[in-house]
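Here the protein sequences come in this chain order: A and B. Quick note: the first sequence, position 28, residue 12 per the working numbering, numbers continuous. Here the working numbering runs 18 ahead of the position in the second sequence, where the first position is 1.
Please keep in mind that the hints were generated in silico from the structure rather than gathered at the bench. Careful: at least some of the hints might be erroneous.
Claimed, not checked - Beta-carbon label-pair distances, calculated as ranges:
hint : chain 1 : residue 1 : chain 2 : residue 2 : range
1    : B       : LYS182    : A       : LYS27     : 42 to 48 angstroms
2    : A       : TYR36     : B       : TYR90     : 45 to 51 angstroms
3    : A       : LYS26     : B       : LYS182    : 43 to 49 angstroms
As the list claims (entries may be wrong) - Residues from chain A that face chain B, not an exhaustive set, calculated with beta carbons under 10 angstroms:
hint : residue
4    : TRP25
5    : ILE35
6    : TYR36
Note that the structure is predicted; figures quoted are calculated from it, not measured. Yeah, the Cβ is synthetic: ideal placement off N, Cα and C, and Gly gets one too.
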Amino acid sequence: MIARSRMHQLFIDRQSFPPAYRLLKPQISPRKRAQVGREIWKKLAPKLNEIYLSPPEDDL
Amino acid sequence: MRARSDQIPTRKSLLGRLKSVDNTESWKEFFETYWNLIYSTALRSGLSDQEAQDVVQETIISVAKSMPTFNYDPQIGTFKGWLRKVTRSRILDHVKKRSRDEGMRSSEDASQIPDESDSTFEATWESEWKRAIIEIAAARTKAKVDAKQYQIFALSEIKGWPVKDVASSLGITAGQVYLARHRVGKIFELELKQIDVEKPL
């Protein structure tokens, strides 16, 4: 009886979960996404370094 | 072992650290937090994979160039709103470039470019932003709970498998599925609330 009551409570709690979970379904596979991220970062990192290594405009 | 939440700083502290020169680790963290949001928004705005990748680079470079003089003041505007504007501008650059390349007339160019109040772009950004927050909450939750418990939660709640399929695949009872879903779900809920408190993500 206690177990049934507990399950009932869980069911009620379940109803309050946000439906937003389903938004997690990715547009591309996680593996492909990770690969895309790595490729972009590989190109971006040197450009960021360049920005920070450039002298301020006042010094030019 | 430190909790994952301790390892992910608030967005505000991250923005503060980006101001220091040559902070590669912070930029990597900024990139990992936001690149997929920018990339997905660009794709959903009709750009190709390559164009979307370029938009990610150009948006983050724009942020980097603005950072030395950037002062975050939530009273003036949110970081989220600012990043949306920067992303949108870079997407529009590609829409214009594509139009030029295709030799379209200027009047047709203008009709393809949504105005500043474009509700479609706003809705796309909002849904991708929400996805980003959920993914961060999921990553934090995963780091805090038992791997098996998270697996049950992920299959049931994220992948949407029916309870009986999760139970039979993992060799557990339906009750165990409900219990894991409840326990992990509570932690997930707390993480979502925590991220909300950490505004201005």
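Taking the hints in turn, this is what the structure says about them:
1. For LYS182/B paired with LYS27/A, a C-beta distance near 46 angstroms keeps the hint of 42 to 48 angstroms intact.
2. Between TYR36/A and TYR90/B, the C-beta spacing of about 19 angstroms breaks the proposed range 45 to 51 angstroms.
3. The beta-carbon spacing between LYS26/A and LYS182/B, approximately 44 angstroms, falls within the hinted interval of 43 to 49 angstroms.
4. Against a cut-off of 10 angstroms between C-beta atoms, the interface hint on TRP25/A holds, since the closest Cβ of chain B lies about 6 angstroms away.
5. For ILE35/A, the interface hint holds, since its Cβ comes within 10 angstroms of a Cβ in chain B; the closest pair sits about 5 angstroms apart.
6. Taken as an interface hint, TYR36/A checks out: its beta carbon lies about 5 angstroms from the nearest beta carbon of chain B, inside 10 angstroms.
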